[in-house]
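**Student:** So you can see what is in the structure, the chains are spelled out below.
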Amino acid sequence: MLELKGVSKRYKHVQALAPTDLSVAAAETTVLIGPSGCGKSTLLRLITGLIRSDTGNIVVEGIRLAPDNLTALRRRMGYVIQEGGLFPHLSVRRNVALMAHYLGWSTTRIEARLLELTELVRLPPTLLDRYPAELSGGQRQRVSLMRALMLDPHLLLLDEPLGALDPMIRYELQQELKAIFDKLGKTVVMVTHDIAEAAFFGHTLVLMREGRIVQQGSVRQLAQSPAEPFVERFITAQRGPMQQLNEALS
Amino acid sequence: MKVQKALFAVVLLVSFGPIVAGEAGEPVTIRVGSKTFTESVILGEMIKHLAASTGHRTYHRRELGGTRVLWNALLAGEIDVYPEYTGTLMQEILVHEGLRTEAALRRALAERGLRMTQSLGFNNTYAIGVKEELGERLGLRTVSDLKEHPDLVLGFGNEFMDRADGWPGLRRRYQLPHQNVRGLDHDLAYRGIESGTLHVTDLYATDAEIAYYKLRALEDDLNYFPVYNAVILYRAELEEHAPETVALLRRLAGRIDAPAMSALNARVKLGGEAEATVAADFLEKNLGIETELRMHTAWERFWRHTRDHLLLVVVSLSAAIIVSIPLGIAAARRPRFGHLILGVTGIIQTIPSLALFVFMIPLLGIGGPPAVVALFLYSLLPIVRNTHAGLNDIPAAICESAEVLGLPRGAQLRLIELPLSTRAILAGIKTSAVINVGTATLAALIGAGGYGQPILTGIRLDDIGLILQGAVPAAVLALLVQGLFELVERGLLPKGLRLGTKSNS
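One line per chain: the protein sequences are U and G, in this order.
Each residue of the first sequence is one higher than the last, beginning at 1 in the numbering used here.
Each residue of the second sequence is one higher than the last, beginning at 1 in the numbering used here.
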């Protein structure tokens, strides 16, 4: 589905991503995880073509990413970012349907698709005529997901999609998002720094550090047979607060 | 336009039929120029009346900004004739030719395809003046006497200040020690003298104000000032196209002596009469030439100024908008190119506006076109800068979202980036519009008309009412134009953005 071979990226003095190979299986959720600055967002942005790799190839559904096919390939990707990235001057309806309009879809087709998506992400259809400024953070992320799914892409890329939400809404959306992924059966690549979120979503976790992939596998594999001490430290560090909570409650 | 002109010509031919008498040939348009002081405007009106009386169409571009503007306009054929002074020609315009005699001057003019009449009859030389009572108190009789009083404040008309035959030469000849010397508008200098902020200024020998402000002209004891005989300067081809007019201009020679000119100046400056009336009266009494005076009412003048001003603003501002927005976009897209564009437009903005107007004259002549180009150049920077800033201020997340959606570059700009920059771009346009309307008042100095015309005349005649007739409509127009763009903003600004400011505020 998605293959990276020897992909690297360097910014002046920082090697943001060392030459990296990665294979993402179709219809599965792959989570890129690691501390800040580990290169996980760089990797995702390379796949979207927002930045160009210095070396290597990125192949999406058998087609090598290149400047001349980028626009076409992007229409097969859905992209959701932390703050939603909604266009503030357009209503929810226009935000979601922008690309479909541009491609000349008929109004009936657009409306039908919009209705389908509001049901999927559980957004009240009355909100379609609101503007982003009038929505809550959670609603904005739902709209952002609708926009990413509008053209029914095969590949869904999410960069910390729930990172800016408060814990209650975040928990609620995690559950819903997981259900949506399971229902749609899309190939999903998600970036997060939260190990619990990664364990919850990911069939495969890709743990990164300083521009390299440290270990790749299920959360169980990472916990039980860490490739290096860092993997253990990373998992334990995030487990700590949970343990403290459990001890306090018992 | 053509029809109107033809009709006008017919009317002229009918009303002046007997004078034209068939032999004059085709009527031509004779364009008269004058400088920004009353005497020049009166002489310009006389020339205009004389030309009109021979059946030609005439047009008087009054109050052009300074000797150079007129001289260049005459050389370029933008105007056909204007009143000038021999001293100015020999000591200033053609100073490098080292002309000593009037005959040499005539030859130098002929080489340039120009002719001049004999002296009109008066020598309007410079004089150095002080208030009568100050002169009495300090015992000032001659220019040399000034040396004893180095603390006096000197204020000279801008032309006198800068020209070779003005202050620099005077200071050298008389070894004047004064440090406090300012250049200002000649008419304002009189008011400075009256209020006591200035003590010494330059006068023209025929100025009406000498008597009015009770000034004492100091004797030029070292014979510094040259002779400034008034003459009429015209293009040689006028002798072929309009020989009867040239004959009439020549008849004017020797007819106006200094007291007569002084009296004419006083009627306008102190008596408040129109230059056209004063000029017509003089021609009727002295040459027996009757002029059909068509005085414009205040409203007619107001509409003409409004129309001229609007035309300047609308054309230059529209062009600036059409050019600046793409330039701003290009500047935002390519940072290096952006530096260049912002640098160049910024430099243009630092050129003093009058200088920019005058720079345009060799390229585009006088009148509307050079003024429009200068105003256009002035209007670029605010729009370019705001477009550039507006586009750069859009959060990266939004631009990237548009990009990853798969919108091509042009569509990203059209659907996302420009709508999000609406407010910034319109703010730039509003700034440009206000600057444009204000700067356009200076366009009158190069013959483009507009609200600057009554302001210039008002300054010249010390008539606050007249100044306000130009200044108030200009201010109102600036507000109207700004209001218009507020309305445009209301229509263009996407609803989602208006919500944004509400929740932010």
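Everything labelled a hint here was simulated from the structure, so no lab data went into it.
Model, not experiment: these values are computed from the prediction.
Wrong hints could be hidden among the right ones.
[Unchecked claim] Which bits of chain G does chain U cover? Going by a derived footprint, with three or more residues having C-beta under 8 Å, they are:
1) 393-407
2) 412-421
[Said to hold, decoys possible] Derived DEER-like restraints, expressed as beta-carbon distance ranges:
3) Arg333(G) x Glu116(U): 48 to 54 Å
4) His154(U) x Ile351(G): 55 to 61 Å
5) Asp393(G) x Ala72(U): 27 to 33 Å
6) Ile322(G) x His154(U): 53 to 59 Å
7) Ala72(U) x Thr306(G): 53 to 59 Å
From the three backbone atoms N, C-alpha and C, an ideal C-beta is built for every residue, glycine too.
**Student:** Just tell me: holds or violated, for the beta carbon distance of Arg333(G) and Glu116(U) against 48 to 54 Å?
**Tutor:** Given a distance of about 38 Å, which is not inside 48 to 54 Å, the answer is violated.
**Student:** The region 412-421 of chain G covered by chain U? Criterion: 3 or more residues, Cβ-Cβ distance below 8 Å.
**Tutor:** holds (count 4)
**Student:** Holds or violated: the 53 to 59 Å window for the beta-carbon distance between Ala72(U) and Thr306(G)?
**Tutor:** Taking Cβ atoms as reference, Ala72(U) and Thr306(G) lie about 56 Å apart, which means the hint holds.
**Student:** Can you tell me whether the CB distance of Asp393(G) to Ala72(U) sits inside 27 to 33 Å?
**Tutor:** At roughly 30 Å between Cβ atoms, Ala72(U) and Asp393(G) fall inside 27 to 33 Å, so the hint holds.
**Student:** Measuring from beta carbon to beta carbon, are Ile322(G) and His154(U) in 53 to 59 Å?
**Tutor:** Because 44 Å falls outside the window, the suggested range is violated.
**Student:** Between the beta carbons of His154(U) and Ile351(G), is the distance compatible with 55 to 61 Å?
**Tutor:** Given range 55 to 61 Å: holds, Cβ gap about 59 Å.
**Student:** Apply the coverage criterion to the region 393-407 of chain G and chain U: a residue qualifies when its Cβ sits closer than 8 Å to a Cβ of the chain, and three qualifying residues are needed.
**Tutor:** holds (count 10)
In this structure, the earlier hints numbered 3 and 6 are contradicted, and the remaining ones agree with it.
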